[in-house]
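Since the structure of chain A is already known, use the hints to place chain B on it.
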Amino acid sequence: MIVTNTETVAGYRIVEVKGLVQGNTVRAKHAGRDIMAGFKNIVGGELKGYTELLTESRRQAVERMLGQAQQLGANAIVNVRFTTSAVTAGAAELYAYGTAVILEPELQA
Amino acid sequence: MEPVIFFGFTVVLLTLGLFAGGYAERRHLQSLEQREAAMGDMLLTQIKSYPGHIPGPRPPQVIYAEVVIASDYLKTFLAGLRNFFGGQVGSFQIMLGRARREATLRVLEQARQQGYNAVCNLRLETADVGGNAATQGKKGMVMAAILASATAYHAEVRNGH
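Keeping their order, the protein sequence lines are chains A and B. Its first residue numbered 1, the first sequence is counted upward by one per residue in this note's numbering. Its first residue numbered 1, the second sequence is counted upward by one per residue in this note's numbering.
Simulated from the structure, these hints should not be mistaken for lab results. Every residue, glycine too, gets a C-beta built ideally from N, C-alpha and C. All the pointers check out, no bait thrown in.
Heads up, incomplete: computed chain B residues facing chain A, CB under 7 Å, no partners named: (1) LYS48; (2) ASN121; (3) MET141; (4) LEU147.
Counterexamples of contact, computed for chain B against chain A with all Cβ distances above 12 Å: (5) ILE5; (6) PHE6; (7) PHE7; (8) GLU33; (9) GLU36; (10) MET39; (11) MET42; (12) ARG82; (13) ASN83; (14) PHE84; (15) GLY86; (16) GLY87; (17) GLN93; (18) GLY97; (19) VAL157.
One chain only, chain A, in its complex shape (with noise of 0.2 Å):
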């Protein structure tokens, strides 16, 4: 399946539109891992605990948008977007969404 977050893909044409797909996930880390970046708030440096966190909620939001985007027969998913909100200290939401397509690879002239 080919993933971009560009419109077109070059290379490709578009032939048809299946729709949208999204995935979305609200993920925590435990507690130990908050009192740490407690500390670490104190001499700096970058939060890995949190990064993680964001990289498997990322995972998992673009996982299921590939489920759904499977479903639908989609070969490709184009323009793919993410958001994120907070639902409360130490948790975040991660939301992907993109339009599920089929591309065929562009005749080169």
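Leaving out everything else, chain B in the frame of chain A:
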């Protein structure tokens, strides 16, 4: 006695922020510069294509990266002061810049690892993990969370045109 302990504790935290935070920041900026130089030959655009090139045989693929960088105690303290007097909050500006550069680099590094040589339509957005707005009464943690997404292409130089 109690105010003395409180004051001492604050001074310790500020010093910790000054040294540990400053060290982390300098080291990160140094690493950013090195890695950015190494990625100099990658095509990076914020538009949908890369002018002057044609798509190669490999199908494009979306790439994501995320970075969360924490503020240190000194920065948060100084920002609090700045908030009172108004003006530019320089320390947070640097922190956000670091997070954005790091996220962009991670996108580039992943693209290169997967055998691509061009990254198009880079999008950077902020996320909110600390939930500053959502916690009531308690101050949230100060951090810069950046989500980056882009499309990786294998681009070839257009010849004879």
